[in-house]
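Protein chains in written order, with my numbering: chain A, 46 to 252; chain B, 4 to 190.
Careful, some of the hints might be misleading.
Unchecked claim - Pair ranges (Cβ atoms, derived):
hint: 1; chain 1: A; residue 1: 182; chain 2: B; residue 2: 23; range: 40 to 46 Å
hint: 2; chain 1: B; residue 1: 40; chain 2: A; residue 2: 129; range: 41 to 47 Å
hint: 3; chain 1: A; residue 1: 175; chain 2: B; residue 2: 44; range: 48 to 54 Å
hint: 4; chain 1: B; residue 1: 117; chain 2: A; residue 2: 136; range: 31 to 37 Å
hint: 5; chain 1: B; residue 1: 63; chain 2: A; residue 2: 100; range: 38 to 44 Å
hint: 6; chain 1: A; residue 1: 88; chain 2: B; residue 2: 44; range: 44 to 50 Å
hint: 7; chain 1: A; residue 1: 136; chain 2: B; residue 2: 63; range: 28 to 34 Å
hint: 8; chain 1: B; residue 1: 109; chain 2: A; residue 2: 152; range: 53 to 59 Å
hint: 9; chain 1: B; residue 1: 65; chain 2: A; residue 2: 116; range: 22 to 28 Å
hint: 10; chain 1: B; residue 1: 104; chain 2: A; residue 2: 152; range: 25 to 31 Å
hint: 11; chain 1: B; residue 1: 38; chain 2: A; residue 2: 87; range: 21 to 27 Å
To be verified - Output of the computed footprint for chain A on chain B, the stretches with three or more beta carbons under 8 Å from beta carbons of chain A:
hint: 12; segment: 9-17
hint: 13; segment: 28-38
hint: 14; segment: 77-83
hint: 15; segment: 104-113
hint: 16; segment: 153-162
As the list claims (entries may be wrong) - Here are a few chain A residues that face chain B, going by a calculated C-beta distance under 7 Å:
hint: 17; residue: 49
hint: 18; residue: 52
hint: 19; residue: 86
hint: 20; residue: 87
hint: 21; residue: 159
hint: 22; residue: 222
The hints are simulated quantities; they were obtained by calculation from the structure and are not laboratory data. Values in this document were obtained by computation on a predicted structure and should not be read as measured data. All C-beta atoms, glycine included, are put in the ideal place defined by N, C-alpha and C.
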Amino acid sequence: MRPGEGWVAGLRRFLQPASAHARCELCGVILAMGHAHVVDAAEDRMLCACETCARSHAEGAREGMLRVPDRVSRLTAFRLDDNEWSNLGIPVGIAFFVRSRRDGRVVARYPGAAGAMESLLDLDAWSSLERANPVLREFEPDVEALLVNHLDGAREYFRMPIDRCYALAGLIRSSWSGFTGGDAMRDTVRRFLAEPAATPPDGSARA
Amino acid sequence: MSHADAHEERRIEALIERLEPLDEPRLAAAKELVAAVLELHGRGMVALMELIAVHSETSVGRAIAEGCLRDRDITGLLVLHGLHPQSSEVRVRQALAALHAELGVQGIAVELVEVEAEVARLRLTATGAHGFSVHEVRRQIEAAVLEWTPEIAGIELEGLPPSGQVAFVPMTALRSDPRKVVGDEAR
């Protein structure tokens, strides 16, 4: 152990991979920053992918693999009043929702003091949200999410690829303090959502 | 810190040092094993913290949450899995506050300047013309800080005279010539 180094820091240094380069998890080629992602719906996990591999999965659910699209849009006409929001049962002001292609269920993911939390949404609540906002039916299951920001009086809605949602979740995680998040976390969210397309989907360019 | 715990932590360091010269496939397997155990263990810790967080509004829940943060071993676990609700800065300041009296009788005050990239920068000031052992003061500060922030990868001490076993430093000299000492003296 180096002088002045704690045991957790020492363990982390040991566990660091020898190579810092991310690799395509489908073919193994070394990836540039801001690479694409592919969702393996059967395993419910996201893989880093090179452009060639990502393209081969862009067309749909071949082998259960789906390319995460690269479009972000702010949904200015989205309707969700505070009562409906509280009916969704999310304890914090920010969450993203993804529909599963496999069983049609909607999973909500939101940050908390203990890291990312996950809950299965009440289907009735989601159906009524879909009736009020038909745009939700256009979302590609498994790879596109509805991002809701109700923090500090904000009422913002985004159609966002899930890799960016995870990037935001990572930024929230690293700036989170205390049991409710703190000011640094709120600043992070504000900065990210002011320009949601500016951060590469792997979250590598932190301001 | 109880001696048994400090011993366990040193054992982790010693084992890492023994593994590091291994060839790449074996080293990778050793790292993967540790990472896999940590992953499994981390998931349990997340579930446990979620339970505590859910009940943090009740008096019992709050008592448990606060008790967790006061316990050194639980703090270590939370830090290991990145689950500790307090920042490194907060915990370094608490460690330094607990050290206040011990250093005060040696005529030294220490404060946190910043924690940047897992390195804690501390500033020492002399509060009186006392003699103190440079080596001993550094040891005391490092032990106190790392006890509550084991994620810290380095401690920089500003204002500590770099040489000599026992320093006799008038207050004015320390203030006019704050020499910066990084890590150990050998560097």
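Looking back at the hints listed earlier, which ones does the structure fail to meet? 1, 3, 5, 6, 7, 9, 10, 15, 19, 20
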